[in-house]
Amino acid sequence: MIKQKIVLRFPPHIVEKPTIYHLIKDYDLMVNILRADINPKKEGRLIMELSGEEANYQRAIEWMNKQGLQIMNLEQQIIWRSDRCTHCGACTVICPTEALLFERPEMTVHFVEEKCIVCELCLRACPARAMETLVDNANFK
Amino acid sequence: MKTNRSIEEINAKIKTGKVVVFTAEEVIGLVKEKGVAAAAAAVDVVTTGTFGPMCSSGVFLNVGHSQPRIKLNEAYLNGVPAYAGIAAVDLYLGATALPLADPANRNHPGEFIYGGGHVIEDLVAGKKIRLVATAYGTDCYPLKKIATTFCLSEINEATLYNPRNAYQNYNVAINLGHKTIYTYMGVLKPDMGNANYSSAGQLSPLFNDPLLKTIGIGTRIFLGGGIGYIAWHGTQHNPSAERAGNGTPMYPAATLALIGDLKQMQPRWLRGLSFLGYGATLQVGLGIPIPILNEEIMGYCAVSDQDIFAPIVDYHHSYPYREGGNLGLVNYAELKSGAVTVNGRKVPTASLSSYAGAREIAVSLKDWITTGQFTLTSPAVTLPSVDASISLKTMPQRDPEEREDQ
Ligand code: SF4
Ligand code: SF4
Chain A
1 MIKQKIVLRF PPHIVEKPTI YHLIKDYDLM VNILRADINP KKEGRLIMEL
51 SGEEANYQRA IEWMNKQGLQ IMNLEQQIIW RSDRCTHCGA CTVICPTEAL
101 LFERPEMTVH FVEEKCIVCE LCLRACPARA METLVDNANF K
Chain B
1001 MKTNRSIEEI NAKIKTGKVV VFTAEEVIGL VKEKGVAAAA AAVDVVTTGT
1051 FGPMCSSGVF LNVGHSQPRI KLNEAYLNGV PAYAGIAAVD LYLGATALPL
1101 ADPANRNHPG EFIYGGGHVI EDLVAGKKIR LVATAYGTDC YPLKKIATTF
1151 CLSEINEATL YNPRNAYQNY NVAINLGHKT IYTYMGVLKP DMGNANYSSA
1201 GQLSPLFNDP LLKTIGIGTR IFLGGGIGYI AWHGTQHNPS AERAGNGTPM
1251 YPAATLALIG DLKQMQPRWL RGLSFLGYGA TLQVGLGIPI PILNEEIMGY
1301 CAVSDQDIFA PIVDYHHSYP YREGGNLGLV NYAELKSGAV TVNGRKVPTA
1351 SLSSYAGARE IAVSLKDWIT TGQFTLTSPA VTLPSVDASI SLKTMPQRDP
1401 EEREDQ
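Protein sequence lines, in the order shown, are assigned to chains A and B.
Residues in the first sequence are numbered from 1 upward in steps of one, following the working numbering.
Residues in the second sequence are numbered from 1001 upward in steps of one, following the working numbering.
No wet-lab data here; the hints were simulated from the structure.
Backbone N, C-alpha and C fix where the C-beta goes; we use that ideal spot for every residue, glycine too.
Don't take each hint at face value.
What the hints assert, rightly or not - No farther apart than 27 Å at their CA atoms in a straight line, the calculated lysine-lysine pairs in the DSSO-like style are these:
| id | chain 1 | residue 1 | chain 2 | residue 2 |
| --- | --- | --- | --- | --- |
| 1 | A | K115 | B | K1189 |
| 2 | A | K25 | A | K66 |
| 3 | B | K1346 | A | K115 |
| 4 | B | K1002 | B | K1015 |
| 5 | B | K1002 | B | K1032 |
Stated by the list, open to error - Per label pair, the in silico range of CB-to-CB distance:
| id | chain 1 | residue 1 | chain 2 | residue 2 | range |
| --- | --- | --- | --- | --- | --- |
| 6 | B | T1159 | A | E49 | 50 to 58 Å |
| 7 | A | E113 | B | A1388 | 47 to 55 Å |
| 8 | A | E113 | B | G1299 | 42 to 50 Å |
| 9 | A | E114 | B | N1107 | 27 to 35 Å |
| 10 | A | N73 | B | N1107 | 45 to 53 Å |
| 11 | B | P1320 | A | Q58 | 54 to 62 Å |
| 12 | B | R1345 | A | E113 | 25 to 33 Å |
| 13 | B | G1338 | A | E114 | 17 to 25 Å |
With the hints as constraints, model all of the structure from the sequences given.
Right, dumping it as structure tokens:
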């Protein structure tokens, strides 16, 4: 068994194809969609958790690569720049999953990567711009 | 035994390495354990700190004379406009200034990625700053255009001068509306989704000398990671705000104008900030040493978060339309616990000011004093306090065409 959170990026010509249907039907994977930014005829992005047999998972990844989808593991998406973080805590009420967490009584902020669902709300809510994403979001605005 | 100590005595102890310094956080426990009298007898100085967003900050620069000379008329530093109406090559750059090309809130909420505060951070970090300026040309200052770069060490003076810092207390901001709002108090989620505050509470300088008995013009302080001074009372200084029995105000009250040489400061404690939908500003680290002249002063320094109150204010309507009123008072212990109760509902809290930063500043200042690098100054003049009967004015709004002789 394997369980992995991934980010899928769709070029415009694939957006309208039934990718999820194939993942479930052809590769017998369980799909839990965490976030979707999909617009017809534009690039799209899906963040989801896949679970199933290791071999099926690998075949599904291969198939998606062949379809022209870009795949990244979720952990690589959001970066907390601890050198830029002032530990104010402003992000902790914005983050929906407590991935950004205020520790008391230290009064410092911690980033728990596994809890992050890449909603990106913190990127702009952090006044010190300590939250970054590796992915260029220009196409998703 | 009554404690009665002078600043000269404290400085003599600093020189011989015998001075006893506690931070405003550490001293709370000491007073609880030993009482005010014993704590006052034992401790010479209490250090405070705060590290929060402070608009009304900026820097005076003298960039030196060009050849041929120029009398700067319109000047931009990394694209951010600086005020040039002072003298030929003197400029003032404010923390909230924005590049002319900044989209601001045209695509609401704007991001305000780079403004005056960021230029100041880059300057302190020693980065090259681009200066582009124009002038109308005179016989004595013939040059009409200049484009160059400089870094901090290459210019004559860079003086941080912040007209209003160190607010003695501030509002707790909440949103009673049904849509997210973007304010200088951060992102406020609809229907009281969060409550944001901005003070270090028990560590904050002006909560530890609430009636301004020890500090005044000329008080030497920690400013931006270096040494600075209190220049004046700050703008909107309102010591008359209603106070609790312990002397701390329950509403925004006193403020300070601060000054210091930027060249000895650190980018770590002067951070450019971008408030979504609001603008750019500067996060300033500052700390003030409180000399324990007597037991009364020690009593003030012993104040703790549960005895300091702040008003909860609606930033959806009440604040922007200046309606006044609030949704009740909460203390800083509640605010720092992570949730407060407003209108019978539990609301998560967050801070804009860094308590961890405030603590680090108070500890640094303590280290400077105990290692003899920092001595205290006696203020030349004290600041207007509760007895000055100051009342805060609002802007006169009248028809400018109205004639006075009618
Ligand atoms: S809002 Fe930004 S600076 Fe403040 S604690 Fe969060 S990540 Fe750090
Ligand atoms: S991207 Fe979303 S979930 Fe991840 S840390 Fe930022 S606010 Fe939290």
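Hint check results:
no.	hint	verdict
1	A:K115 / B:K1189	holds (21 Å)
2	A:K25 / A:K66	holds (18 Å)
3	B:K1346 / A:K115	holds (24 Å)
4	B:K1002 / B:K1015	holds (24 Å)
5	B:K1002 / B:K1032	holds (18 Å)
6	B:T1159 / A:E49: 50 to 58 Å	holds (55 Å)
7	A:E113 / B:A1388: 47 to 55 Å	holds (53 Å)
8	A:E113 / B:G1299: 42 to 50 Å	holds (46 Å)
9	A:E114 / B:N1107: 27 to 35 Å	holds (33 Å)
10	A:N73 / B:N1107: 45 to 53 Å	violated (32 Å)
11	B:P1320 / A:Q58: 54 to 62 Å	holds (56 Å)
12	B:R1345 / A:E113: 25 to 33 Å	holds (32 Å)
13	B:G1338 / A:E114: 17 to 25 Å	holds (21 Å)
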